[in-house]
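Guided by the hints, dock chain B onto chain A, whose structure is given.
Spelled out, the chains give:
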Amino acid sequence: MRKIRTYQDVTHDTGSGLLEQVVDQQQRLADRLALVRSVVAVASGKGGVGKSAITANLAAALAGRGLTVGAVDADLNGPSLGRMLGVSGARLGDLPSGVAPAQSPSGVRVISMEFLQNEEDAPLRWREPGMGGFIWQSTLETGVLREFLGDVEWGELDVLLVDVPPGTDKIGRLLELVPEVDQMLLVTTPSETARFVVSKSVRMAREAAVGTVALVANMVGHTCPECGHVSELFPGDGSKRLEEESGIPVWAEIPFDPRLGAATDSGTPLVMTDPDAHSSRAILALADRVEEHIGIRGDDTAEGVDS
Amino acid sequence: MKFLCVECDKVMDFAERQIPGDGTLAAVFTCASCDREVAMLTNPMETQLISSMGVKIGGREVPAQPMELARTSLEGGRDDAFVLSEDIPLASGESALASGASAGAAAPVRVVWTPEATGRLERVPSFVRGMVKRIYTDWAREKGVSEITPDSMDRARTELGLEGM
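Protein chains in written order, with our numbering: chain A, 1 to 307; chain B, 1001 to 1165.
Chain A on its own, in the form it takes in the complex (with noise of 0.2 Å):
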């Protein structure tokens, strides 16, 4: 039988340019986000654990201190962040160097796919063909995801926060993009099947030797707005366990309010409207801990992970 050379036995090029361009892309993301001191990620692996509402009030929270902050809704199927910072339906700048991302009243640079839609209950859909998307959707969407990151005029950027979207998978699909995240947050309940699933983007973090990684306990206990007093919405401590299974640490504690809801619902983060209330406290102090971490890589602090 005659031997036909491999692929990598063949290293001429074919002239087909497919490498060349492949390497423009990643350069252009890298020179985009040179001008971003730190890349925050708020995942979860786990849906509906509330990571876009605490991605719109850590983003205000930060550029109510003074820092220039941008947000990055990768959840290009269900758009919501640019509808909590208050720009639903913004129209962005078509600039030769980029597009302009909206401006949020609290401060914030946002980009979404919501802006990109023409209709509110439009699910996302692509152009032809109509069969086959398993083959190329994934591929296309983490291209939409690195011109979010990397086609937007940023400009320079104290925080880009990143809200990715439920599954490991999503989490796979930004390290692949941005493999130097500075800091993943990865929110999580008390409840033992958010552990569980958490657990799984716990290890996808450290084995992609994220810079930083800790949790954010999201509905730990319920405030009642007459008294103030707190009780336990879930009888698990899946995110207490998690810690000390992982050594990840917790680094807020957000307990479960209505008026975080409703605040964002309405386009306006709840810190930034009532800062006093339990869970805007506890946004406002993981503001400090991501503030406290900005141009901080992991190995600077012990273990990569810090206490």
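Rather than coming from a laboratory, the hints here were simulated on the basis of the structure.
Be aware that a few hints might be false.
Cross-link-like lysine-lysine pairs, in silico, DSBU-like; alpha carbons within 30 Å at most [stated by the list, open to error]:
1. A:K240 / A:K200
2. A:K3 / B:K1143
3. A:K3 / B:K1010
Where chain B lies over chain A, by a calculated footprint (3+ residues, C-beta under 8 Å) [to be verified]:
4. 11-23
5. 81-95
6. 116-123
No residue lacks a Cβ here, since even glycine has one placed at the ideal position from N, Cα and C.
Same frame as chain A, now just chain B:
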């Protein structure tokens, strides 16, 4: 992806790309040693997979535009999603001096759009119009074309391989 001429044991070189408009793609590769040609034909799903990467077989005639993938791939893009920068006004006869491709050039060519060219551009969906205008303007500047007319748009389309623009 490479093509090897088995007989010559040589890598075949990219020669030509054709996009017939039915979602498929043909890319021709030739062997520099024996001149043998092969055409790679991709079905719509395979074609989409390549374009989903934001790359073009055979290379790019124009640099990637900001959010090009999102703008060209999204079904139901919002017409008024993008506001054209003041540097690239749409109004007929106005200049487009500050386009990015000539950044750093000492004296960029002043490019004027005729009313006919502007009318044609206005038929392009606004979701991608700014991107398309910038491509034409950059082409004109590079070629030293000071006035963009429908004819020069046709020339640019041919030269740049702007299928569908």
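Against the structure, the hints:
1. A:K240 / A:K200: holds (16 Å)
2. A:K3 / B:K1143: Distance ~49 Å between K3 (chain A) and K1143 (chain B) Cα, so the pair is violated.
3. A:K3 / B:K1010: holds (13 Å)
4. 11-23: It holds, with 10 qualifying residues against the three required.
5. 81-95: As far as the region 81-95 of chain A goes, the hint holds, because 5 residues have Cβ atoms under 8 Å from chain B.
6. 116-123: The restraint on the region 116-123 of chain A holds, since 5 of its residues have a Cβ under 8 Å from chain B and three suffice.
In this structure, only the earlier hint numbered 2 is contradicted, and the remaining ones agree with it.
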